[in-house]
Each structure stands twice: as structure tokens, then as C-alpha cells.
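K.L.:
Between the sequences and the hints, there should be enough to build the whole structure, so can you do that?
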Amino acid sequence: MGRDKGPLTEPMYYVLMSFLRQDMCGTEITEFVERKTRGRVNLGPGTLYTLLARFQEEKLIVETQVDGRKRTYRITPKGRAVFQEELDRLRACAADGEEESR
Amino acid sequence: MKHIAVRVIPCGSFDIPGLESWLARLAGRGLRYGTTLGPLACFERAEPARVQVHLEPIQGPAAEDPELNALYEAAGWQYWGQLSNQFFVYASADLSARAHTDPETLDYALRRFFRQKLAGGLLLVFLNFLLLGLYQNGAFWNLDWTDLRYFPVETLSDGVTIPFFLCLLGLLLLDLSYLLGLVHLACYRRAVDRGGKPRGRRGLGWLAAAGTLVLLPVVINCIQLFAGLDYRSYDLEGSGFVTLSELEGEDFRLSGDLMYNMDYISHGGTLLDPESWYFQQYASFRQDQSPSDVPHLEIRAVRYPLEILAELRAEELSRIRFNGSDGYHDLGPAEGADQVLYAPRTERSVTDLNGEVHTYLSGGMLILRRGNTVLYADYYGDQDLPDHLDAFVRTLNSL
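These protein sequences, in sequence, are chains V and X.
Counting from 1, one number per residue, gives the positions in the first sequence under the working numbering.
Counting from 1, one number per residue, gives the positions in the second sequence under the working numbering.
Bear in mind the hints are in silico, worked out from the structure with no lab data behind them.
Check the hints yourself; a few may be wrong.
Unchecked claim - Just some of the chain X residues that point at chain V, by a computed CB distance under 7 Å: (1) C42; (2) P66; (3) E104; (4) Y108.
Said to hold, decoys possible - Not close to chain X: a few residues of chain V, all C-beta gaps over 10 Å, as computed: (5) R21; (6) K36; (7) G39; (8) V41; (9) T76; (10) P77; (11) R80; (12) E86; (13) D96.
What the hints assert, rightly or not - Straight line, CA to CA, 30 Å or less: simulated DSSO-like cross-link-like pairs of lysine-lysine: (14) X:K117 - V:K70; (15) V:K78 - V:K36; (16) V:K59 - V:K36; (17) V:K36 - X:K117.
Glycine included, each C-beta is placed from N, C-alpha and C at the ideal position.
P.N.:
Encoded structure:
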């Protein structure tokens, strides 16, 4: 079910995360990532454009609505599974680090 | 001052860093990118601005993407248009702004773009086969080198030899430019992957521009061929052409077969095939006769792009002796013709291997040239062509 192309990069992780609670359009995603990471993760427009195309191609998100300049996307069950897999991996990484640093 | 400026794109079509820095440099000189037309880029004159330009590879249809523009605008970039249907062009006055902030995602975009261009290469291969196949009769393996040596004007103005060589040269330049473009794109990808700062390479765009320029007449020629513009016959009546009846007398009986007694002038030509005319008329002949046994007249005329070619062609024709004709006599210029050459022919009989006797009628061959047009008339019959020179000059002037 999951993504078989290695771990997600930080921008990929946050973009996928942005869809968990609601459908999102491009500018909303940028705002979400900015807010969530307090400006730590900078999401360039080219990166976001490529990611949205890539996630659609990998069927992690689907386009739900087109309203003028605004396109809205929704995460798919496969997308949720990929996010969860990455979350579990990051948790395991964090746990390993915590354990070793104690 | 003109509001639009046109420049040849000096970089290869896929040379992203080269194109970005070129567009930014021109923006600094007050030329804001607008659109492309083949190997040319059009710019609007504007206030010189120090900007950075980013080319975003187009991933889907080449139509403007409002969502993408909104994303870029929100990040402070301005949409300038599309470049060669391959990139969306964005510019930002903030020189530290970054359109791509994730190297892996940029690598994905470039990999995808590379695959698209690789597939596009297949289309180019198809174009190679299509154009070279269309003109393969003019290929060097089909060329008669002896003809080329002794009759270069006739050989090269056959409508296929020059188009084939232009095709070959144009496609070679375009293929090379495309191939090197792919190599540069692969190098750029590798450099991005390693975190390096790739540099553009200028010069490749000139290769593509030269290829396009060489192929342009071939493409126009193809359009003329496929649109049926290469053949434009017209009626004999009112054409001004000399007829067999005019030479032999009004009561002279012509063949009833339209193939031997044309009531039209065959006429055609394209950009790479000189404009030409053809007309023939035969006297009526019995079933036991061959068409060559009766008086007939054949007229060919060609208008060459240059007068020197017409002069050379007249010289080529004057070296041909045909069916017992004598050598050509230069009759000098005439009213309405710069050059008149005449080769009389005496009647003669030839016995072939089967013992059959063939009689060739008398008559003669006439070459007339006016400027860049050459008219060649081959007549079999009792008339003396120089007596009818006015009619042939009239024919030449009617072209």
C-alpha cells in the first residue's frame, strides 16, 4: 500500500500532512506549511507544483475541485498510509535517538 | 523606438541555467521576455530591471496554468510567458528567492522533463524519416554523377535533389542540437544532484536556428506539394503558345488524342522546383504509324531563380544532339530574346536490329532564353523554325 521510493523529504512530508484534516488548494498548503513549521520549512512554488503533480501521479492525492485559479486536492487512503508509514519511521528514529541520548 | 525586439535564442532548448541567465541579462538591458517563434525570442522593451529568471518545466499540457501562476505570484514571482512550449517563465526582483526548495523534488521534475524530451526525440526521428523519405529520389545514392558533372543545372533543378540535401543538412543540425541539448540536460541534472551550481552553454541555439533556417524552404516546399500548389495548368487558348497548326497551316490535321494534342499548358513549380511549362502537339497518325512518324512539336520552358542558371542551362541544352540533329547555330539575340540557338535536323532513316526501318522527320531544335527563362522547342516536320521565330519569342514572352 505504502510508497516504495524511500523516505519522504521534509517538504513532501508537510505537504502530505496538510491534507489530513481537510481538502486543500496550493496557496492553502503553502500557508499551512509556513504556519505549522513557523517558517522553518520553505516551500518554493516550483517544489509545490512538482509535488502536487507527483502525488497525483502516485495516487496519493486526487483533484476534487477546480475553481478559477484554485485547484483543490484530497488525500487518498494510499496517501494516508504513506504519511502514516513516514510518521512511524520518524517516531522510530526519534525513539532511537532518545534512547541513545539518555 | 520599436516596442518589440527579436533575438535568436543562443542556448540549447533544454539548457535551463543558460536560458535563465540569458533572459535575466536581457531584462537588465530593458528587454522583458514575451514569447518565442521557433528559434527566435520576442521581447518587450521595458525599464531595465535586475531580476532572476526561473524556468519551470511544463509537466502537462502547454496551456497557461492559473494555479501555478497563483503559487508563484504568492511567492513574489511574476509570470512572463512560455518558452518554446517547454517552460513557464517566471521572474522575481528578489534575487534570493528560490522556486525549488527541495533538491529531490527538483531532481524528480528534471528527470520527468528529461524523459519527456527523450520521447520528443522519437518525434524528431519520425520527422527525419518522413522528410528524407519524401525526397529520397534526390538522395546521393540515386544521383547520376555523370549527369551532375555534365548537366548540373538540369540535375539540380529536378525538384528533389536540392530539397534532399537541404533536408539532410537541416535535420543534421536539428538532431545534433537536440542530442546535445539532452546531454546538457543530463549534465544539469547531475550538477543539481551534487549540489553544484551548473553553468549554461551558449551556441547550441544557433545550431537549432541554422537547422530551422535550412529546413524552412523544405517545409514550405512540402506544404506547396501537399496543398496541390505545385501544378497549375491553364488553357492553350489565349496562352500565347505557338501551336503545330500555326507552323503547318490552319488546315493541318492534328491528332484527336488529347495525350498527343494538348489543349492545355502543363505548368507548375514550387519554391525548390523551378517554375516550368510543357506543351506538345502531334499531327494525326494512322494505326500503322508511330507518333514519331508524323510532324510534332514539343515545348519545354523553365524559369530559373537566377539568370546565370538559365545561361548555363541554355549552354547545357546546346550540347545535346538528338535524332540526327546538327550542332547549334547561335542566331544571336532577337527582339524579346537574349539568346537564340538553333539546331536543324535532316530527315534520316535508321534500320533497327529487327530490320525495321524508322524514318526521322526533318525539323530542328530551338533554344530561346530571356533573362532567367529558357525555352526549348523540338520540332519534327518540314518547316524551318527560324522562319517562325516571332511565334516562339511570343511564347517565351507569354510565360
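K.L.:
Each hint needs a verdict: does it hold in this structure or not?
P.N.:
The hints, checked one at a time:
no., hint, in the structure
1, C42, "violated, 24 Å"
2, P66, "holds, 4 Å"
3, E104, "holds, 5 Å"
4, Y108, "holds, 6 Å"
5, R21, "holds, 21 Å"
6, K36, "holds, 15 Å"
7, G39, "holds, 12 Å"
8, V41, "violated, 8 Å"
9, T76, "holds, 19 Å"
10, P77, "holds, 23 Å"
11, R80, "holds, 21 Å"
12, E86, "holds, 14 Å"
13, D96, "holds, 23 Å"
14, X:K117 - V:K70, "holds, 29 Å"
15, V:K78 - V:K36, "holds, 23 Å"
16, V:K59 - V:K36, "holds, 24 Å"
17, V:K36 - X:K117, "violated, 38 Å"
Hint compliance for this structure: hints 1, 8, 17 are broken, all remaining hints hold.
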